[in-house]
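Peer 1: Chain by chain, the residues run as shown.
Protein chains: 2
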Amino acid sequence: MTNRQILLAARPKGFPQDSDFQLVENPVPEPGDGQFLVQAEVLSVDPYMRGRMNDMASYAQPVQIGEVMVGESVGRVIQSRNAKFPEGTYVSGMFGWQEFAISNGESIRKIDPDVAPISTALHVLGMPGLTAYFGLFEVCQAKPGDTVVVTGAAGAVGSVVGQLAKINDCQAVGVAGSDDKINYITNDLGYDGGFNYKTTDDYYKAFKQLCPDGVDAFYDNVGGPISDAVFPLLNVGARVAICGQISQYNATEKPQGPRLLWHLIVKRATIRGFLVFDFISQYREALEKLTTWYQQGRLNCPERVTEGIENAPRAFMELLQGANTGKQLVKICPE
Amino acid sequence: MTNRQILLAARPKGFPQDSDFQLVENPVPEPGDGQFLVQAEVLSVDPYMRGRMNDMASYAQPVQIGEVMVGESVGRVIQSRNAKFPEGTYVSGMFGWQEFAISNGESIRKIDPDVAPISTALHVLGMPGLTAYFGLFEVCQAKPGDTVVVTGAAGAVGSVVGQLAKINDCQAVGVAGSDDKINYITNDLGYDGGFNYKTTDDYYKAFKQLCPDGVDAFYDNVGGPISDAVFPLLNVGARVAICGQISQYNATEKPQGPRLLWHLIVKRATIRGFLVFDFISQYREALEKLTTWYQQGRLNCPERVTEGIENAPRAFMELLQGANTGKQLVKICPE
Numbered sequence: 001m002t003n004r005q006i007l008l009a010a011r012p013k014g015f016p017q018d019s020d021f022q023l024v025e026n027p028v029p030e031p032g033d034g035q036f037l038v039q040a041e042v043l044s045v046d047p048y049m050r051g052r053m054n055d056m057a058s059y060a061q062p063v064q065i066g067e068v069m070v071g072e073s074v075g076r077v078i079q080s081r082n083a084k085f086p087e088g089t090y091v092s093g094m095f096g097w098q099e100f101a102i103s104n105g106e107s108i109r110k111i112d113p114d115v116a117p118i119s120t121a122l123h124v125l126g127m128p129g130l131t132a133y134f135g136l137f138e139v140c141q142a143k144p145g146d147t148v149v150v151t152g153a154a155g156a157v158g159s160v161v162g163q164l165a166k167i168n169d170c171q172a173v174g175v176a177g178s179d180d181k182i183n184y185i186t187n188d189l190g191y192d193g194g195f196n197y198k199t200t201d202d203y204y205k206a207f208k209q210l211c212p213d214g215v216d217a218f219y220d221n222v223g224g225p226i227s228d229a230v231f232p233l234l235n236v237g238a239r240v241a242i243c244g245q246i247s248q249y250n251a252t253e254k255p256q257g258p259r260l261l262w263h264l265i266v267k268r269a270t271i272r273g274f275l276v277f278d279f280i281s282q283y284r285e286a287l288e289k290l291t292t293w294y295q296q297g298r299l300n301c302p303e304r305v306t307e308g309i310e311n312a313p314r315a316f317m318e319l320l321q322g323a324n325t326g327k328q329l330v331k332i333c334p335e
Numbered sequence: 336m337t338n339r340q341i342l343l344a345a346r347p348k349g350f351p352q353d354s355d356f357q358l359v360e361n362p363v364p365e366p367g368d369g370q371f372l373v374q375a376e377v378l379s380v381d382p383y384m385r386g387r388m389n390d391m392a393s394y395a396q397p398v399q400i401g402e403v404m405v406g407e408s409v410g411r412v413i414q415s416r417n418a419k420f421p422e423g424t425y426v427s428g429m430f431g432w433q434e435f436a437i438s439n440g441e442s443i444r445k446i447d448p449d450v451a452p453i454s455t456a457l458h459v460l461g462m463p464g465l466t467a468y469f470g471l472f473e474v475c476q477a478k479p480g481d482t483v484v485v486t487g488a489a490g491a492v493g494s495v496v497g498q499l500a501k502i503n504d505c506q507a508v509g510v511a512g513s514d515d516k517i518n519y520i521t522n523d524l525g526y527d528g529g530f531n532y533k534t535t536d537d538y539y540k541a542f543k544q545l546c547p548d549g550v551d552a553f554y555d556n557v558g559g560p561i562s563d564a565v566f567p568l569l570n571v572g573a574r575v576a577i578c579g580q581i582s583q584y585n586a587t588e589k590p591q592g593p594r595l596l597w598h599l600i601v602k603r604a605t606i607r608g609f610l611v612f613d614f615i616s617q618y619r620e621a622l623e624k625l626t627t628w629y630q631q632g633r634l635n636c637p638e639r640v641t642e643g644i645e646n647a648p649r650a651f652m653e654l655l656q657g658a659n660t661g662k663q664l665v666k667i668c669p670e
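As given, the protein sequences belong to chains A and B, one line each in that order. Quick note on numbering: our numbering labels position 107 of the first sequence as 107, and the sequence is numbered without any gaps. Plus 335 on top of the position in the second sequence (first one is 1) and you've got our numbering.
Hints listed in this document are in silico derivations from the structure and should not be mistaken for laboratory results. These figures come from a predicted structure and were not determined experimentally. For every residue, glycine included, the Cβ atom is placed at its ideal position computed from N, Cα and C. There's no promise every hint is true.
As the list claims (entries may be wrong) - Examples of chain B residues lying across from chain A (beta carbon under 7 Å, computed):
1. Gln396
2. Pro397
3. Gly401
4. Arg444
5. Lys445
6. Gly558
7. Pro560
8. Asn585
9. Gln591
10. Asp613
11. Ile615
12. Ser616
13. Arg619
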């Protein structure tokens, strides 16, 4: 039995390509004292990983060339020398793009498969769900009656933001990259409206029609020209949460755009960037709420599942191209 | 005796010119019941006035063609039919660019000439001082030990921001447009350092040298390339106050610049635009503090005084070009 791993082979120039990744096989490691061995079942691929491929200090260290790609997965403990994590326990953690991983239990979350399918620990009941929750309620300070605009509305985070906005009696307007996605978010997730940015010429006009009372909260996952069009529509006292700027991650030159800051004076608006980790002390409370809403059937997220660790690079590149509606996952099937 | 007034004659295209203003003479008005007549002594000219000359809805209505230019002045009540404002009272209010004005007392502040020279009601102890105070303490949340960067550091607001930062035990770094201004803010106002942007090629490098521990709070009056250079140096949790964007006010096309929002994610930083009016409920408390610091000699502001209402347009245009160190005033000398 071997451990198949995906390593960072080269730093991408612009959009990643196959040759930036390398599939290797290594022996399955043995847990030492206090450690346990996890067999991964589902891997999450997320936009933030693009940043970790660059050789640039950020909020976390970059992945080094030859290292296993960073990522969270859910798996089962199959061998344990740690009494707190007996064999058979389901766990999620930053195990990387590989089939097996060793852990000492630090920063590991136990997953109860009876509460929800284990894959939900990677979206609605995991990091994307928490990111949606804190971005909407803490950063955007969304209140009932607010008009909330969400970019990347059909993605893992945006799907949840819209549903949370509706649970909170907001108007939710989403932007996504296909008609199918727009149909999905409006018909299945409860968004009040939205538009396909790939077939819309005038974003400002589209937002103006969808937000006749202006925009009170803007949850931005995308950046670039779509986001530019929201700023003139901000209401006095509006809050903008910068969660992601996926339109910029593969830029090879410094992206330029219209200067937006003067809008903030007139509108007395606030823009705040955040990371989900900033709210770690409130994770437990938020997860309890998200779990309750999930169990009530008020919160869900479609999954796009790619099979096989060897296809994780492709799944990741498709994610960056917006192929996924909902959460992009990689089902790990050891040989 | 006539009332000389400056009217808005035309909406400027780009930088204002003489022909955008018109000097007229009208009879001095008579106060009606409940009203009083003010003879203006000092007029304030401020960057915000440039925005009011445009035909664009903003936080306030634009000045209409043929109307008296908007502005605050300090003057003396010389005729009164309002018992609360007897003859001889000094008052400040939005009396406009003219020598005499009628008021019913609404939104009028009484000025005590024994506390400080009356002109200070237009800077340290008035709107610019309050703008500095709330921007620094409420919006930037400046704490002792913070490194605070201020653009437009030698202007009416920036002069006060630096002194307040030093009173609050911050490091204060300022940017201004001449060597004399930099000498002034560092030698006389207590700024720890600064640079002349007109003779500096690499703003980023200049900030990096002056702020070796990064930037915790950024008080921006200017915008454009100077401000762009601050964003990469923001510390985690930094706060940016957008008070003005004077570099953009005369733009004839939509200004472009590097996209900055992704910096906010990594730095979990907040940008907030504000108007001093947002803090009106705290004016009294703030003015008491500013007055105490002024009387202790810890807070001052140089004045650049232009003589004669007929020269107000020139004074205003020179302000937009940065001719002033400290507060630009117009001394009003009725014939």
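Peer 1: Give a verdict on every hint.
Peer 2: Against the structure, the hints:
A least Cβ separation of about 13 Å between B:Gln396 and chain A goes past the 7 Å threshold, and the interface hint is therefore violated. Below 7 Å, beta-carbon pairs count as interface contacts, and B:Pro397 has none with chain A, the closest being about 12 Å; its hint is therefore violated. A distance limit of 7 Å between C-beta atoms decides the matter here; for B:Gly401 the minimum to chain A is near 25 Å, and the interface restraint is violated. At its closest, the beta carbon of B:Arg444 sits 23 Å from a beta carbon of chain A; the interface hint therefore is violated under the 7 Å criterion.
Annotation: interface hint on B:Lys445 violated; nearest CB of chain A at approximately 28 Å, more than 7 Å. For B:Gly558, the suggested interface contact is upheld, since its CB lies about 6 Å from the closest CB of chain A, less than 7 Å. At about 10 Å, the closest approach between the beta carbon of B:Pro560 and any beta carbon in chain A exceeds 7 Å, and the interface hint on this residue is violated. Interface restraint check for B:Asn585: the shortest CB-CB distance to chain A comes to about 12 Å, outside 7 Å, so the restraint is violated.
The restraint placing B:Gln591 at the interface with chain A holds, with a minimum CB-CB distance near 5 Å, inside the 7 Å limit. Here the hint on B:Asp613 is kept, as its CB sits about 6 Å from the closest CB of chain A, short of 7 Å. A distance limit of 7 Å between C-beta atoms decides the matter here; for B:Ile615 the minimum to chain A is near 13 Å, and the interface restraint is violated. The interface hint given for B:Ser616 is broken, as the beta carbon of that residue sits about 15 Å from the closest beta carbon of chain A, more than 7 Å.
A cut of 7 Å between beta carbons decides the hint on B:Arg619: the least distance to chain A is about 21 Å, and the hint is violated.
Checked against the numbered hints listed earlier, the structure breaks hints 1, 2, 3, 4, 5, 7, 8, 11, 12 and 13; every other hint is satisfied.
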